[in-house]
Every structure is written in structure tokens, then in C-alpha cells.
Amino acid sequence: MVKTASAAETASVVEIASAVRAGTVRAVDVVAEALERIERADPVLCAFTEVWAEEALRRAGEVDALVAAGPPRSSGPGGGGGPGARAWLPLAGVPVAVKGRHGVRAAIPLLAAGGVVVGATAVPGPGTAWQTWGLGARGRTVNPWRADRTPGGSSAGAAVAVAAGLVPLATGSDGAGSVRIPAAWCGVVGLKVTNGRLPSRDRTGLAAPGVLARTAADAAAWWRAVSPPTTVDADASAADTPSTTGVDMPPSLPLTAVWSPDLGFARPDPEPVALARAAVDRLVDAGAVRLVRPQAPPPLLDPAPAWLALRTPGADPAGLADAHRVRAENGRRLARLFAGAELLLTPTAPTAPHGHEGPGDVYSTALTWAFNVSGHPALSLPAGFGTDGCPAGLQLVAPHGREALLLAVAGAAGKPSGRKG
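Numbering that gives the first Met the number 0 puts the first residue of the sequence shown at 0, with every later residue one more than the last.
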């Protein structure tokens, strides 16, 4: 059931932080309102495993004290510090949800930027298939658009919390599509960064940090906060002077892009393909991308056996050798593709959100885990709604280290058309 959203529920990360820094609102009040929304909605959504209300309000008070004291002298007038400098407390007072109980460690840069962690979001519980659902403190995590459908996983609660307006920003991690799939199925933006570019606890190297946000502008604010200055792309936006989209457009727009409905091996359902293709057409109409047809578009090898071998402790040596062969070959094919285009566009998930009984015969990861094996950054962009009333996603993939391209194109797509409460 759609409800009318309040200003607090739809305020962007940039809007919240700007208002807190300006002193027009207090971080304590912003966080208190977020905690009230969580308390009201979470018994139904089950997006959180833990809510840290007392600690969050204490932290918000610290942010208010920092604002009252004013920016450090080195920050310059208004906290900008000159051209190219980052805004002072760029996430001031922004309520943030972290993935799982141990997600605070990955949120340290967000805390340093003035963000306030309000709780841990749901991930799959004991005995649940990782590709199926999340388990919150009050029960099974549900899709905010249809309670009988899964939100996707494993960053299930993170996507639900953002889609339902409980928080504007939630961290995730993506080992096979765990940010992008729930982003697609809940109708939000989900970014997985280049593997190895930010710290990850994953021993296999398949997982990379990510974020779920309502808009590309909010995802870009996260990216600026977590990226060391030396790793931010040259075409990233200016931190303290965001454009209307939150991401400055690279001068080369439209970016050249290749569309693939199946990556050469997957068998996606017609409807998610059609929704994603329509989203591509909107990007073309917006002047964000220009489709090109490579002379010989190389289909990828199915990464499923490689991913499973790389993930399995004590895997058979022959299986590991084959996994490395697939990884190397797909890397060569993607390098050839990106030599002639700047982006690869695909549906995010091969199916609509399935029921809580499980995914059936089709892995929801069919179109995403190739880029965990290859390490490329990828973003899921809302692509519209299927006949079942649930969202679908368009996946954008860029060369290694080019997250800013993804955020720029996503920003050009505009804001999502709706929010579910």
C-alpha cells in the first residue's frame, strides 16, 4: 500500500547534511524521526536485526556539537576549503543503516563524515538460502512493494530500509549480486564498487563493499565519503557543489554503451529484459548514453562454476584451475568490449522477485556474479515495475575503477518515480 511520504522520509542525503550544517535542523531531531519511522514500520517489514537508538541519539548530539563549534579553520568559508576540496561533515546528521551486526567497521568513514548509524539491517538467517531472503529481529524480511515476495539478498534489510524511507542510506556488501539484486527488486539504486578498491573481509576476493540509496546523488555522497582522495575518479563530482543530480556529468556524455539482455549465457524472463531495455531507451533519450554495436560482441562464459569453486573452501584443484581459466577468459572478453564502449548494460536480475519459498530453478545472480568474478564496478538502476507490481532493475557495468561513470549516468536518469511505505 502506497502512502504519502513526509518530507523527512524523502529528504536526500545532501539536503539533510546541508540543513544540519546550516543549523536549520538538528541532527538529533533528524535521527529521532528516523528511529520513529523504524519503530512504526519494522514490525511489518522486518528490515532490522538491531536498532541502536540510544547510541544513535548520543552520536547525533555529538554531530550537533561539532556543527555548533563550526568547521575547522582549514576548511575555509562554508566548509568548502577551495576548489576540489570536500565539504566539511558531508553526511552531517544523515541516518545510516549498516549491513549486519559487524557493519559498523565498514561505516567508519561515514561516521567521520558526520553520519549517524541507527542500526543493523537484516541478512539471511540460519538455514536460509543466501539468494532468497533476510531475517530481521521481528521475523522474515519482506519486499516493501509486495509482502509475499522477497526483497532479494543478502543485503535484504538494507534495500528495504531505503525503499521504505526508513533511512536514506544503507551499506551493503556484494559477493554475487547482494547489493544489486535487492536494489533492483526494491526499486532503489545499488552500487558495487571495483573489487579490491575498498577494504573487504571476504577471503575469496569476490565480495566488494557497496551502498543502497534512493538516488544516484545519495550513492555519490556515500562514494565521496568512503573514497580516499587519491581514488576518486577524475570525472567525479565536486564534493561541496553538487549539481542538480548530485553528480557532475563527464564532458564525454553521452557515454558509449553496449546492451546485452543475457551476457551470452543467461536465460532471463522476457519482462525484466523488456523493462531494462525500456530504461536504456530512456537513458538514450536523456542524452546519457549512446548505444554502439561492437564488431564482434564477445559473449561471456557462464561464471557459475567458477564462482562456486572460488567460494568453496577446499575446492577440487581441477575446479579451481577451470575457475581461473574462466576468470581470465571473461576478463579478456570484457577488456575487448570496454576497448570499444564505456559501459555494458544488462538487466539486473533474470526474474521478477520470487516468493519466500525460494527462487526455483533460476539463480537471481545469473546476470550479476560475472562481475564479482571479474571485479568490475556495477550499479543497479530502477527500471520500472512489472505486471506483478514489483520493481525491476537495469545493471550498468564500467571498466575497473570507473565508478564515477556509473554514478554520472545514473544521475542523468533522474529520480526514481516512486517510494514504497
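Where hints are given, some of them may not hold.
To be verified - Distance windows between CB atoms, simulated:
hint, residue 1, residue 2, range
1, Arg324, Ala31, 31 to 39 Å
2, Ala52, Asp387, 32 to 40 Å
3, Arg202, Gly359, 46 to 54 Å
4, Gly357, Gly263, 36 to 44 Å
5, Asp284, Glu14, 37 to 45 Å
6, Pro71, Gly339, 41 to 49 Å
7, Ala285, Gly388, 20 to 28 Å
Bear in mind the hints are in silico, worked out from the structure with no lab data behind them. From a predicted model like this one, the values you see are computed outputs, not experimental measurements. Note that the Cβ used here is the ideal one computed from N, Cα and C, for glycine as well.
**OP:** Against the earlier hints, flag every one the structure doesn't satisfy and list their numbers going up.
**Re:** 1, 3, 4, 5
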